[in-house]
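Participant: Chain by chain, the residues run as shown.
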Amino acid sequence: MAIKLRELTQTPELIAGGHRACAGCLGVNAVRQVLHAVDRPVVTTSATGCLEVTTTIYPYTAWQTPFIHSAFENVAATASGIERALKVLGDEGAIPRKVKTIAFAGDGGTYDIGLQALSGALERGHDFLYVCYNNEAYMNTGIQRSGATPYGASTTTSPAGRRSLGKTQRPKNMTDIVVAHSVPYVAQASPHSWRDLATKVKKAMDKEGPAFINILAPCHRGWRYPMEEGINISKMAVDTCVWPLFEVDEGEWNLSYRPRRKPDVADWLKRQRRFDHLFKNGGGPVLDTIQDTVDEDWAKLLERCGEPPKTD
Amino acid sequence: MRPDTGRVAMTGNEPGALAMKQVRPDVVAGYPITPQTELMQQFAQYVADGESETELILVESEHSAMSAVIGASATGVRAMTATSANGLALMWEMLYIAAGYRLPISTMLVSRSLGGPINIHCDHSDAMGMRDTGWIMLFAETAQEAYDNGIMATRIAEHDQVRLPVMTVQDGFITSHTTQVLSILTDEQVSEFVGIYRPKKSLSNFDQPMTYGAIVLPDFYMDVKRQQAEAMDNSPRFVEQVADEYAELTGRRHEALESYRLDDAQVALVVLGSAAGTAKDAIDIMRERAIAVGLLKVRMFRPFPRVEVAEALSRTRAICVLDRSLAMGAPMGPLAADVAASLVTGRRAPPLYNAVYGLGGRDITIADFEGVIEEAAEVAQTGAPKATVRYVGLRGNEE
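Residue numbers (numbering that gives the first Met the number 0), protein chains in the order written: chain A, 0 to 311; chain B, 0 to 398.
Okay, chain B solo, but in the shape it has when bound:
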């Protein structure tokens, strides 16, 4: 039975803060950075009003934010933070350490470009910079998903078969600062869903003092890292378990991948984040023009669901993977490279190319997507992309 859930209008940062309050972290570290700032302001207000009992540490940098939550998490309490862009970059060293120590920290990333030149608007260059650090990464298309991911992240991270940090990502401004209608749970529902986190092994166990962060030399290091990789590889089934339980509670089921009109599609688009909504509208329009196009939205970017991605795309005739970031000097953008690698190890690899869009907050419109789909439909006919990497929405002609 599904209890009544409230419908509210909120910007994406507000449900981020609400989810943070509702999972009842023991310790949160906060530091301002656009466009995440509003999330931490809202959370600080919850604390100031006594609606949250969290110990809020207002640190002097994001490096210290991640360090403080590492200290708190290792001491055996639930610890979280949130950030954007350069803030995440400053945390980078500590992201590896949080994951390597198997600490169940969840963090909210409000995605923003990583200059220079400086730019405060959305792209995924911040998130892509951390993709190999050992965090599970969940992307949101909408404020609803940002909220749902924010709640599920705690359960996933703390699952005793997972014990990995989780980054939930929503698009800066596009999602974080626009008002959307979403369903929210009550504090009690969330509290019951996430439970209490009090691990047996921690720095607060004085009967069995433990050392975190020993120096591991070549005789053991590789084996330790292999174990960590195994934990990452094994995590999808537990992510799914949590998603099942969440669906039971809310009626909203979040899969690692979401397919939209993909079953009979000859042309496939692949995207992360908020652009999926615009893509779906464009797909509906192009379907009326008899172009068999569909979408694969990647919700769980780490671990990358390579088998499922290959399976979902192997029957198509052309694939355009859209990246909201650049991987300078690499063969393709990060998402495209992962999709390509998944197809190579799958049964069949249809022609694939990469379209870069939306850097530094540049809009991607339905008309832009129509152009992308038309070009991809041509590739489905010819079997040969015009280029490995295309740019969408540049000033003037690309050629």
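Excised from the complex, chain A in its bound form:
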């Protein structure tokens, strides 16, 4: 049965207001949406990053759940210890058995520095949910390029210049990397699609073993769009198929959303000033390359999900 907005509004607010995230931050918004979808006690942990520094400025904390942050590259390892400790306490009846561990990290803490710890925890099969809030660069330290930064994006360490287009490599396909671990549940979600996101969290929570949700989290400071535009930007990322919504449930690929009309990627790019330089002199072959890559990836995804290939 479809989740109703009314139900979600009646669940407790586990990230309290008053945290210091930027107005219009979709990272903390994504985390808030995840926590509205949980239906049981959870222990939460986060990697170093925007989420951690904005929600835990001592002596305050926005977390209404038990929460620990320890370092940048290790959230999945920390979660492994928490999960085993909760099992011990659950087995002896000190706490309910259904308590779940949720780990949060940005793309830096997931795609790059935290990849080893994540891979280890997935391979060991800990019963936990890992949520990546993917804002496509190191935003906490000031918009440096990461393994998730898209081709052609200008960041402070891959700046566009007279001899550079910005980042010259494609982002790694992190969601696929997790799928390769054969874990029970893997999904991509987006904050504009709250029902899809909440449904995926609920599915993930019901799995025994590792679950991974990669949530696109547009950042107006880094992507350079007006701060009230975040939800539109995330919707366009999904409609253009730059960030498709899908899940891999027990190995079965399911497409979550198929846009009726697939706008050009350029329509999405030109709303973000991190791609401004690509449009100088009327755009050109770079835009074609980006469009081709998105189209190829989308076609591959449709095939994996058993969907008919033609879109329009």
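One or more of the hints may lead you astray.
[Unchecked claim] What follows is a list of derived Cβ distance ranges for each label pair:
#1 A/K201 to B/M221: 22 to 28 Å
#2 A/D263 to B/M221: 53 to 59 Å
#3 B/M327 to A/G283: 53 to 59 Å
#4 A/D263 to B/R225: 55 to 61 Å
#5 A/E12 to B/Y220: 26 to 32 Å
#6 B/Q44 to A/E251: 36 to 42 Å
#7 B/W91 to A/D263: 48 to 54 Å
#8 A/S118 to B/E254: 45 to 51 Å
#9 A/C21 to B/N204: 27 to 33 Å
#10 A/K201 to B/K199: 30 to 36 Å
#11 B/L256 to A/Q63: 46 to 52 Å
[Claimed, not checked] What the simulated footprint calls covered on chain A by chain B, stretch by stretch (three residues with Cβ under 8 Å from a Cβ of chain B suffice, anywhere in the stretch; the number is not a length):
#12 44-58
#13 67-73
#14 88-95
#15 250-262
[What the hints assert, rightly or not] Below, a list of computed lysine-lysine pairs in the DSS-like style, where the Cα atoms sit at most 25 Å apart:
#16 B/K200 to A/K97
#17 B/K199 to A/K97
#18 A/K3 to A/K201
#19 A/K234 to A/K299
#20 A/K261 to A/K171
#21 A/K97 to A/K3
In short, the hints are calculated from the structure, not lab data. We put the CB at the ideal spot given by N, CA and C, even for glycine.
Given the coordinates of chain A, assemble chain B onto it according to the supplied hints.
Facilitator: Relative to the frame of chain A, chain B by itself:
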């Protein structure tokens, strides 16, 4: 009354694993590294055979090992790990965090050099790299001490007036891989001695959700760290309390410092770890040659018992501090620097110099110690060491 304790022959890693089993940790994280590997293998066997109920997490790196035990400990259970050398170095970031969060984690270090060039044998460069991280550090001379420290560490760490992580150190190969006879306790005795650890405040308290690891900015950070330093400074009396109770149970009393023929000594040696045994033999020989030499063995290296060290050494005429590691570019090795600093703040500071020995597993023999003692006896006469730092057992002459 002292219950009967079993006498067994074991390598140092085996009583390490046995102590780990007997303190009944809820969660252990393990990752192989020479020379610690055998300890975790033995522990894994206990788990496989159902002799231990511990949740064993076989992580993909030592960084994750320490991270996992931090997660488990903060969730309110007893958590441990063990490592050596580069493994400890990889944990380094997390060592500070474990201590800063006041988590009662105990860890066993089987000491090994920290290359390059790579070398798998004993020295204390790994342990010295962590000396300022905020862990209590206990060094063992023998397999017996490694076992005893391994049991006491749990009680010390979890003492509600301490709440600091504890590292127990034994010498790689020299202690970890040689067979020694030692006394062990029964599982029940240890279990009763360490008790059960279930703190009220933890991540598993859902009535009072707490945040561990908040970001603390300049308005509070310094005060938080000062409190942590105070906990460290206050810990010796609780370490002693645990040692008293352990002595009651076993008849073995482990002091922060052990003095050997030091009362009337004009020449003092200071060492950490297994070399103390060899030094004691050499001291007996040199005493017969009428050299008034004694030994100060530092068992508790952190917090450093500076007042007691100064007191134990202030009446001597020459002090040779032996370091099994280098502090590149520093005035002296780490142990020597701490002893020197302790003497400066004490009543009297006799001439002191540093002898570096045993790097990367180089043997230090009784004959080596005789040479060290002869040279130190000369310094007691002249009052002037030949150099601030000497090397023992180099190939060819040092000069």
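Participant: None of the hints should be skipped; say for each whether it holds.
Facilitator: Here's how the hints hold up against the structure:
no. : hint                         : result
1   : A/K201 to B/M221: 22 to 28 Å : violated, 44 Å
2   : A/D263 to B/M221: 53 to 59 Å : holds, 55 Å
3   : B/M327 to A/G283: 53 to 59 Å : holds, 55 Å
4   : A/D263 to B/R225: 55 to 61 Å : holds, 59 Å
5   : A/E12 to B/Y220: 26 to 32 Å  : holds, 29 Å
6   : B/Q44 to A/E251: 36 to 42 Å  : holds, 39 Å
7   : B/W91 to A/D263: 48 to 54 Å  : holds, 50 Å
8   : A/S118 to B/E254: 45 to 51 Å : holds, 46 Å
9   : A/C21 to B/N204: 27 to 33 Å  : holds, 32 Å
10  : A/K201 to B/K199: 30 to 36 Å : holds, 32 Å
11  : B/L256 to A/Q63: 46 to 52 Å  : holds, 49 Å
12  : 44-58                        : holds (count 7)
13  : 67-73                        : holds (count 6)
14  : 88-95                        : holds (count 3)
15  : 250-262                      : violated (count 0)
16  : B/K200 to A/K97              : holds, 20 Å
17  : B/K199 to A/K97              : holds, 20 Å
18  : A/K3 to A/K201               : holds, 13 Å
19  : A/K234 to A/K299             : holds, 21 Å
20  : A/K261 to A/K171             : holds, 23 Å
21  : A/K97 to A/K3                : holds, 24 Å
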